[in-house]
Amino acid sequence: MTLDALRAEIDRLDDAIVRLLDRRARCASEVGRLKREIGMRIYEPGREAVVIAHVKAVNAGLDGPLTAEAIERLYERVMDEARRIQRVEIERHTGGASAPETES
Amino acid sequence: MVVVMKERVSTEQVECVIAHLVELGMDVHRSTGAARVVLGVVGSGKVDPRLIELMEGVHEVLRITEPYKLASRTFKPEDTVFQMGDVRVGGDEVIVIAGPCSAENEAQVNTTTAAVKRAGAKMLRGGAFKPRSSPYSFQGLGEEGLRLLHAAANTHDLRLVTEVMDISQIEVIDRYADVFQVGARNMQNFTLLRELGRTRKPVLLKRGISATVEEWLLSAEYVLAGGNTQVVLCERGIRTFETATRNTLDISAIPIVKQLSHLPVFVDPSHGTGRRDKVAPMARAAVAAGADGLLIEVHCDPDHAMSDGAQSLYPAQFDRLMAELRIIAPAIGRSICLEPIARRGWAR
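Those sequence lines, one after another, are chains D and U.
Per this note's numbering, the very first residue in the first sequence carries number 1; after that it's consecutive.
Per this note's numbering, the very first residue in the second sequence carries number 1; after that it's consecutive.
Careful: at least some of the hints might be erroneous.
Unchecked claim - Per the computed footprint, the stretches of chain D lying under chain U, defined by three or more beta-carbons under 8 Å from a beta-carbon of chain U, are:
1) 29-43
2) 51-61
3) 64-75
What the hints assert, rightly or not - Simulated restraints on C-beta separations:
4) D:R77 with U:A19: 35 to 43 Å
5) D:L13 with U:A285: 56 to 64 Å
6) D:A57 with U:R73: 26 to 34 Å
7) D:A49 with U:T74: 35 to 43 Å
8) U:A285 with D:A49: 52 to 60 Å
9) U:R73 with D:R26: 37 to 45 Å
10) U:L24 with D:A57: 27 to 35 Å
11) D:L13 with U:E215: 50 to 58 Å
Claimed, not checked - Not close to chain D: a few residues of chain U, all C-beta gaps over 12 Å, as computed:
12) G90
13) N154
14) T212
15) T240
By construction, these hints were calculated from the structure, which means they are not laboratory data.
This structure is a prediction, so every number in the text was calculated from the model and none was measured.
Glycine included, every Cβ here is placed at the ideal spot set by N, Cα and C.
Go ahead and model the full structure; you've got the sequences and the hints to work with.
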């Protein structure tokens, strides 16, 4: 494939990835709502470990260039954002209006 | 804030730190490296880095933002410049404050003031209340000293800078002086700083003998928090293991503080070295490094001075130094007071 064709393919894949991430984030937000209703904590290390193990297993079956460590690092970012979505979701309903972000 | 975990940390220890930070309302970005786990912490929650550092498995906690706000350049990107009569502090011109360590008598104050004015100083320094290391040393003339300094400054059209050691002196000094100087020993006298924050007169805040740049800027924050925006920082040397000089003048503090803060930075090479022969080289270095002004001790008769004679310049030495500074300042795009005699020459 030519460079242009490869780049066009990457653009198509990113389009699909972002749409999938959007669906994943909507699920995470819904999970946040349920956690609020039953009084669960946002951070569940056990569940995060299950997610990491799952994506590593999927990745291992593909036998591609992404190592298990690489997929773990990528999913750490995805879960960082999911936790943030759930915090915002929970704060919106507990009156704790999310203050403007500052680096601490 | 960045939390760096120890090598070979257990998963439970990492989870415990994340759980604690999430509970405090922070967003955590976890990065698992080959040897270490690093947590990026972002949010508006109140987190005490020292408490996090004490948690199991934590190697170190690095703060990203400064603990001071009003003094920081992030808060106010442009330089703080203020006018005092015809003197513009913090602008292009390097302002030189000179005069005796202490006011001793009328003749000494007048002779010295005339000499520093002739050489190009814009402000007069002089102590009336002296913080001496020993209670048996000369403690200053008190209000009589202020009267002498005020009269001399008026005669020669100079602004007066004098040290305030205690809240009780603010009122009387306010009547005579144009700038309150806070000495190194009082840099963390927070009740005094708070009170000076309520005044609307410039405060020249010396760096404490063993104060870090951050502690120094936090002290400035006390004055700024009271609504007094006219703060000048003054580096005067810090205590190190070196005994060849009285203090080690931290020239590197000038560019560092000017990057972190918008406040003008002055340098006192007299206390910084404690030795007359080292004052001029350090004054030249300070101007070259970007200082907005200098605070220099000059005495008409240093050999008979009642305090700090060893670090006071003879008027002729001060003259020579000013001539040298007039060559250095333009090299970095600054100006310094022209020789008054030369100015008179042009007027004719």
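Status of each hint after checking the structure:
no.	hint	result
1	29-43	holds (count 3)
2	51-61	violated (count 0)
3	64-75	holds (count 3)
4	D:R77 with U:A19: 35 to 43 Å	violated, 19 Å
5	D:L13 with U:A285: 56 to 64 Å	holds, 59 Å
6	D:A57 with U:R73: 26 to 34 Å	violated, 50 Å
7	D:A49 with U:T74: 35 to 43 Å	holds, 38 Å
8	U:A285 with D:A49: 52 to 60 Å	holds, 58 Å
9	U:R73 with D:R26: 37 to 45 Å	holds, 41 Å
10	U:L24 with D:A57: 27 to 35 Å	holds, 33 Å
11	D:L13 with U:E215: 50 to 58 Å	holds, 52 Å
12	G90	holds, 28 Å
13	N154	holds, 48 Å
14	T212	holds, 20 Å
15	T240	holds, 32 Å
Comparing the model with each numbered hint stated earlier shows that hints 2, 4 and 6 do not hold.
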